[in-house]
Amino acid sequence: MKDIAIVAYQQSDSVSDAGAVNEVELIMPVLARTFEQAGLNSAQDVDFVCSGSCDYLQGAAFAFVSGVDALGAVPPIKESHVEMDAAWALYESILKIRMGHADSALIYGFGKSSPGELPVVLSQQLDPYYLAPLWVDSISLAALQARMMLDKGLITERDMAEVVSRSRRNAMNNPHAQLSGDISVDDVLAEETYLSPLRKADCSPISDGASAIIIATVEQARAWGLPYAVISGIDHCIETHNLGMRDLTDSVSTRMAANRAGMNTGKVDVAELYAPFSHQEIILARALGLDDSTQVNPSGGVLAGNLMMASGLSRVGEVFNRIVKGEAQRGIAHATSGPCLQHNLVTVLEKGENA
Amino acid sequence: MSDEQDVITGINAPVYLKYNFTAGAAPSRFLTQLKKGVLMGQRCPKCSAVYVPARGSCALCGVATEEDVQLSDKATVESFTIVSIPIPGNPIEPPFVVANLVLDGSNISLIHLLSECENSEVRIGQRVQGVWKPESEWDYSMNNIRYFKPIDEPDVPAEKIGKLPVTGWEG
Numbered sequence: 001m002k003d004i005a006i007v008a009y010q011q012s013d014s015v016s017d018a019g020a021v022n023e024v025e026l027i028m029p030v031l032a033r034t035f036e037q038a039g040l041n042s043a044q045d046v047d048f049v050c051s052g053s054c055d056y057l058q059g060a061a062f063a064f065v066s067g068v069d070a071l072g073a074v075p076p077i078k079e080s081h082v083e084m085d086a087a088w089a090l091y092e093s094i095l096k097i098r099m100g101h102a103d104s105a106l107i108y109g110f111g112k113s114s115p116g117e118l119p120v121v122l123s124q125q126l127d128p129y130y131l132a133p134l135w136v137d138s139i140s141l142a143a144l145q146a147r148m149m150l151d152k153g154l155i156t157e158r159d160m161a162e163v164v165s166r167s168r169r170n171a172m173n174n175p176h177a178q179l180s181g182d183i184s185v186d187d188v189l190a191e192e193t194y195l196s197p198l199r200k201a202d203c204s205p206i207s208d209g210a211s212a213i214i215i216a217t218v219e220q221a222r223a224w225g226l227p228y229a230v231i232s233g234i235d236h237c238i239e240t241h242n243l244g245m246r247d248l249t250d251s252v253s254t255r256m257a258a259n260r261a262g263m264n265t266g267k268v269d270v271a272e273l274y275a276p277f278s279h280q281e282i283i284l285a286r287a288l289g290l291d292d293s294t295q296v297n298p299s300g301g302v303l304a305g306n307l308m309m310a311s312g313l314s315r316v317g318e319v320f321n322r323i324v325k326g327e328a329q330r331g332i333a334h335a336t337s338g339p340c341l342q343h344n345l346v347t348v349l350e351k352g353e354n355a
Numbered sequence: 356m357s358d359e360q361d362v363i364t365g366i367n368a369p370v371y372l373k374y375n376f377t378a379g380a381a382p383s384r385f386l387t388q389l390k391k392g393v394l395m396g397q398r399c400p401k402c403s404a405v406y407v408p409a410r411g412s413c414a415l416c417g418v419a420t421e422e423d424v425q426l427s428d429k430a431t432v433e434s435f436t437i438v439s440i441p442i443p444g445n446p447i448e449p450p451f452v453v454a455n456l457v458l459d460g461s462n463i464s465l466i467h468l469l470s471e472c473e474n475s476e477v478r479i480g481q482r483v484q485g486v487w488k489p490e491s492e493w494d495y496s497m498n499n500i501r502y503f504k505p506i507d508e509p510d511v512p513a514e515k516i517g518k519l520p521v522t523g524w525e526g
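From first to last, the protein sequence lines stand for chains B and P.
Letter 290 of the first sequence, counting from 1, is numbered 290 in the working numbering, and no numbers are missing.
Heads up, the working numbering is the position in the second sequence plus 355, with the first residue counted as 1.
Bound conformation, chain B alone (with noise of 0.2 Å):
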């Protein structure tokens, strides 16, 4: 079997309002830049093209085809779309390669969550007979799982506020961060709460942007000339939609996942967790079981700035960057999907032999 790097990651700013810009406009400066870091023209020199958008968040139909127009797709290309985070569009992409019907693949990630109202749009991802009739936002259901966290004494929201702090001081070095800053825990507990016990801190911003990552089989890789990162394992484990059936205070998902995609082999120097409110990320750090030698979320995580569509994809990019910048040898890259971690993805990332 062919081992798979990546080759190239970019993502745009992380901001509140891109304006008048349509998702062409949004992908197209991204791919542009992913492009040049790889030393290729367009989506013509790579065999696969995947990409993760979801055209409720904009409220565009079928606003995902027209993001093609990006891509430069005549003569035609071969091309795919997961309506869902492109970590997903990864995960079809390595198959894809697996399978030998490609070398090499560029993978994006788009989303426009500002013309909507993101926790109420989210609703409709609910079970359609019993819950999303309800208008359950997904707030408030991070809410609920908080609040059974906190009662049954598994954190604090010391707990809570310290993992806020923590991303505002680390998306200070992270120049596409939409919130950063020298933030005190003390400073996060001053605030009022929001949706009681969460307060706007512990919630990820609504944002704007997209990412995107070239990956190619090492051999290509080596061809090329590019510094790698291999993807040694991925997997992906989801949970059942009827949320009182779910343990909300542990994500068995993530741990399986990440177990199956070999995480436990080796040391975990740096992990990217897509944890869109605080307490979620102290879940996912004991689902995998992650100590002091592992540094979390050194980007600041989605908290700084949340690409729906785009996050899980980039929590990848983030592990690369740190990779082929020597200042991590290992790491795993989490990206979650529906109300309260319910589907998650898990990345194993290694330093290539000449990376």
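What the hints contain is simulated information worked out from the structure, not anything from laboratory work.
Treat the hints loosely; a few may be bogus.
What the hints assert, rightly or not - Derived contacts from chain P toward chain B, CB cut-off under 7 Å, selection only:
| hint | residue |
| --- | --- |
| 1 | Y374 |
| 2 | G379 |
| 3 | A414 |
To be verified - Here are the computed lysine-lysine pairs in the DSSO-like style, where the Cα-Cα straight-line distance is at most 30 Å:
| hint | chain 1 | residue 1 | chain 2 | residue 2 |
| --- | --- | --- | --- | --- |
| 4 | B | K325 | B | K351 |
| 5 | B | K78 | P | K401 |
| 6 | B | K325 | B | K267 |
| 7 | P | K504 | P | K488 |
| 8 | P | K373 | B | K200 |
| 9 | B | K96 | B | K78 |
To be verified - One-sided excerpt, in silico: chain B residues whose CB lies under 10 Å from chain P:
| hint | residue |
| --- | --- |
| 10 | S42 |
| 11 | T217 |
| 12 | V218 |
The beta-carbon is built from N, C-alpha and C at its ideal position, and this holds for glycine as well.
Here the structure of chain B is known, so what remains is to put chain P in place on it, guided by the hints.
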């Protein structure tokens, strides 16, 4: 089975979502000009193709179209269909003609109605021109042009369709 249940074949769960929709930067440039009665295309910096209405990129090259190009409201029929069935929600009574039209000065077709014509005489290569609403009714809308109608110019041979300059067709 003493207590039989109703067979439930559906429930009402209406979905209302509000959006502040934006057309995009390039479409906004097109629509702003359209309200002034101007058809503005955008040129690809790489292959020079002119797109109208523009979406902001050259779909062939995958690069941004930055240069605005003013176009004519004269066009050539690239293809057409005669619609003989009523379309739900469409106030136009069949039969009517929907056509792919290439505006002079542009290289890709847009879709609009043809009228003031004998449907049986509509043909590929036929020359047509936009019939505009009164200026007082102009909006950010393709409906500023009610329809296109045939004009008295020689047909354009197939190989020249989509390649005419903005100055038009001499025949």
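Consistency of the hints with the structure:
Checking Y374 of chain P against chain B: minimum C-beta separation of about 3 Å stays under 7 Å; hint holds. A distance limit of 7 Å between C-beta atoms decides the matter here; for G379 of chain P the minimum to chain B is near 3 Å, and the interface restraint holds. With its C-beta approaching chain B no nearer than about 4 Å, A414 of chain P sits inside the 7 Å limit, and its interface hint holds. In summary, the hint linking K325 of chain B to K351 of chain B is supported, as the alpha carbons are separated by about 10 Å, within the 30 Å threshold.
With a C-alpha separation of about 23 Å, the suggested pair K78 of chain B and K401 of chain P falls inside the 30 Å cut-off, and the hint holds. Pair hint K325 of chain B plus K267 of chain B holds up; C-alpha atoms about 18 Å apart against a cutoff of 30 Å. Annotation: proposed proximity of K504 of chain P to K488 of chain P holds, straight-line Cα distance about 13 Å (limit 30 Å). A hinted pair counts as satisfied when its Cα atoms are at most 30 Å apart, and K373 of chain P with K200 of chain B qualifies at roughly 22 Å.
Taking the CA atoms of K96 of chain B and K78 of chain B, the gap is near 11 Å; set against the 30 Å cutoff, the hint holds. Given the 10 Å rule on beta carbons, the hint for S42 of chain B holds: about 5 Å separates it from the nearest Cβ of chain P. Contact between T217 of chain B and chain P, as hinted, is not supported at the beta carbon level, the nearest pair being about 24 Å apart and thus beyond 10 Å. With a cut of 10 Å, the hint placing V218 of chain B at the interface with chain P is violated, because the nearest CB-to-CB distance is about 27 Å.
Of the numbered hints listed earlier, those contradicted by the structure are 11 and 12.
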